[in-house]
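2 protein chains.
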Amino acid sequence: MQYRIYQSMERKSLKSVNFEKRNGIIPVVVQDLKTREVLMLAYVNQEALKKTNTTGNAWFWSTSKGKLWMKGEESGNIQPVKEIRMDCDLDAALYIVESDRPACHTGQRSCFHHMLTD
Amino acid sequence: MQYRIYQSMERKSLKSVNFEKRNGIIPVVVQDLKTREVLMLAYVNQEALKKTNTTGNAWFWSTSKGKLWMKGEESGNIQPVKEIRMDCDLDAALYIVESDRPACHTGQRSCFHHMLTD
Chain A
1 MQYRIYQSME
11 RKSLKSVNFE
21 KRNGIIPVVV
31 QDLKTREVLM
41 LAYVNQEALK
51 KTNTTGNAWF
61 WSTSKGKLWM
71 KGEESGNIQP
81 VKEIRMDCDL
91 DAALYIVESD
101 RPACHTGQRS
111 CFHHMLTD
Chain B
1 MQYRIYQSME
11 RKSLKSVNFE
21 KRNGIIPVVV
31 QDLKTREVLM
41 LAYVNQEALK
51 KTNTTGNAWF
61 WSTSKGKLWM
71 KGEESGNIQP
81 VKEIRMDCDL
91 DAALYIVESD
101 RPACHTGQRS
111 CFHHMLTD
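Top to bottom, those sequences are chains A and B. For the first sequence, position 66 matches number 66 in the numbering used here, and the numbering has no gaps at all. For the second sequence, position 103 matches number 103 in the numbering used here, and the numbering has no gaps at all.
It is possible that part of the hints are untrue.
Derived Cβ-Cβ restraints for the label pairs, each shown as a range [as the list claims (entries may be wrong)]:
#, chain 1, residue 1, chain 2, residue 2, range
1, B, 54, A, 56, 42 to 50 Å
2, A, 74, B, 77, 38 to 46 Å
3, A, 74, B, 75, 37 to 45 Å
4, A, 21, B, 68, 16 to 24 Å
5, A, 55, B, 62, 29 to 37 Å
6, B, 15, A, 24, 28 to 36 Å
7, B, 56, A, 21, 26 to 34 Å
8, A, 8, B, 36, 39 to 47 Å
9, B, 75, A, 22, 36 to 44 Å
10, B, 75, A, 101, 17 to 25 Å
11, A, 101, B, 11, 38 to 46 Å
12, B, 54, A, 53, 13 to 21 Å
Here are the computed lysine-lysine pairs in the BS3-like style, where the Cα-Cα straight-line distance is at most 30 Å [said to hold, decoys possible]:
#, chain 1, residue 1, chain 2, residue 2
13, B, 12, A, 34
14, B, 34, A, 82
15, A, 82, A, 12
16, A, 67, A, 15
17, B, 51, B, 15
18, B, 82, A, 65
19, B, 34, A, 15
20, B, 65, A, 34
21, B, 50, B, 12
22, A, 15, B, 12
23, A, 21, B, 67
24, B, 50, B, 21
25, A, 12, B, 65
26, B, 51, A, 67
27, A, 65, A, 50
28, A, 15, B, 15
29, A, 50, A, 82
30, A, 15, A, 50
31, A, 50, B, 21
32, B, 65, A, 15
33, B, 34, B, 82
34, B, 34, A, 67
35, A, 15, A, 65
36, A, 34, B, 82
37, A, 50, A, 21
38, A, 65, B, 15
39, A, 34, A, 82
40, A, 51, B, 82
Just so you know, these hints were derived from the structure itself, not from any lab. C-beta: ideal position from N, C-alpha, C; glycine also.
Whole structure, please, built from the sequences with the hints as guidance.
Written as structure tokens, this is what we have:
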């Protein structure tokens, strides 16, 4: 299933991801497939990215707790991942997810619910 | 100008951003206002975020070169920022930009032009 292609897409393997550049942990943007809302920003190590790729659910690496976690393992708000994209430098990921559940631990749909002022 | 509000938005000041948690540098997701495409992932320190907020153009901190840079300063593909959002933990930002120029140094619209396979 493809979300939408504005440009040529190149396939890359898990091995090609550049974890070294970021000390083993890279950021992941989570975006909703339908609304395209940016839901959250989290991190993955190689194992979390691999688990996401093989299970189809969003896995991350908690930088504060120092452990793997599956989105929704406690809240039930799992995030089925329809596509994993990598950026040009292969050191940032984008999960395209299909879930209408809250992504934020506050219960809001997106974690980006603050607006920066001065 | 507001992009779209699915939820309650809370105003936060630059001072409230948690740079300490990430050693002074936090990730920024760049999203297009109209198409909602995720264009790139970069980083900011406090000065870059402040410059973005005051100038209205996207500024970042280059983690490889160790210096501030304005998107488009060389390519001309500047990114006017219509809104800056912060996530729930105040340690990740989202720039909502209005630009139909390529965001990637490869000339592609988005930096996320790789699809992860096995």
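Hint by hint, here is what the structure shows:
1. B/54 to A/56: 42 to 50 Å: holds, 43 Å
2. A/74 to B/77: 38 to 46 Å: holds, 42 Å
3. A/74 to B/75: 37 to 45 Å: holds, 44 Å
4. A/21 to B/68: 16 to 24 Å: holds, 20 Å
5. A/55 to B/62: 29 to 37 Å: holds, 35 Å
6. B/15 to A/24: 28 to 36 Å: Holds, since residue 15 of chain B and residue 24 of chain A (Cβ atoms, about 31 Å apart) stay within the stated range.
7. B/56 to A/21: 26 to 34 Å: holds, 30 Å
8. A/8 to B/36: 39 to 47 Å: This hint is violated: roughly 20 Å between Cβ atoms.
9. B/75 to A/22: 36 to 44 Å: violated, 24 Å
10. B/75 to A/101: 17 to 25 Å: violated, 39 Å
11. A/101 to B/11: 38 to 46 Å: violated, 26 Å
12. B/54 to A/53: 13 to 21 Å: Since the Cβ atoms of residue 54 of chain B and residue 53 of chain A sit about 41 Å apart, the hinted range of 13 to 21 Å is violated.
13. B/12 to A/34: holds, 28 Å
14. B/34 to A/82: With Cα atoms ~22 Å apart, residue 34 of chain B and residue 82 of chain A stay inside 30 Å; holds.
15. A/82 to A/12: Given pair residue 82 of chain A, residue 12 of chain A holds - Cα atoms ~16 Å apart, limit 30 Å.
16. A/67 to A/15: Since the Cα atoms of residue 67 of chain A and residue 15 of chain A sit roughly 21 Å apart, the hinted pair holds (cutoff 30 Å).
17. B/51 to B/15: Given pair residue 51 of chain B, residue 15 of chain B holds - Cα atoms ~14 Å apart, limit 30 Å.
18. B/82 to A/65: violated, 34 Å
19. B/34 to A/15: violated, 34 Å
20. B/65 to A/34: Violated, at about 37 Å.
21. B/50 to B/12: Status holds; Cα separation ~13 Å.
22. A/15 to B/12: The hint is violated at about 39 Å.
23. A/21 to B/67: holds, 17 Å
24. B/50 to B/21: With Cα atoms ~18 Å apart, residue 50 of chain B and residue 21 of chain B stay inside 30 Å; holds.
25. A/12 to B/65: holds, 26 Å
26. B/51 to A/67: Violated - the C-alpha atoms of residue 67 of chain A and residue 51 of chain B are around 35 Å apart, more than 30 Å.
27. A/65 to A/50: holds, 19 Å
28. A/15 to B/15: violated, 39 Å
29. A/50 to A/82: holds, 14 Å
30. A/15 to A/50: Given that 30 Å is the threshold and the Cα spacing comes to 10 Å, the pair holds.
31. A/50 to B/21: holds, 26 Å
32. B/65 to A/15: holds, 25 Å
33. B/34 to B/82: holds, 11 Å
34. B/34 to A/67: Violated, at roughly 37 Å.
35. A/15 to A/65: holds, 25 Å
36. A/34 to B/82: holds, 22 Å
37. A/50 to A/21: holds, 18 Å
38. A/65 to B/15: holds, 25 Å
39. A/34 to A/82: holds, 11 Å
40. A/51 to B/82: violated, 36 Å
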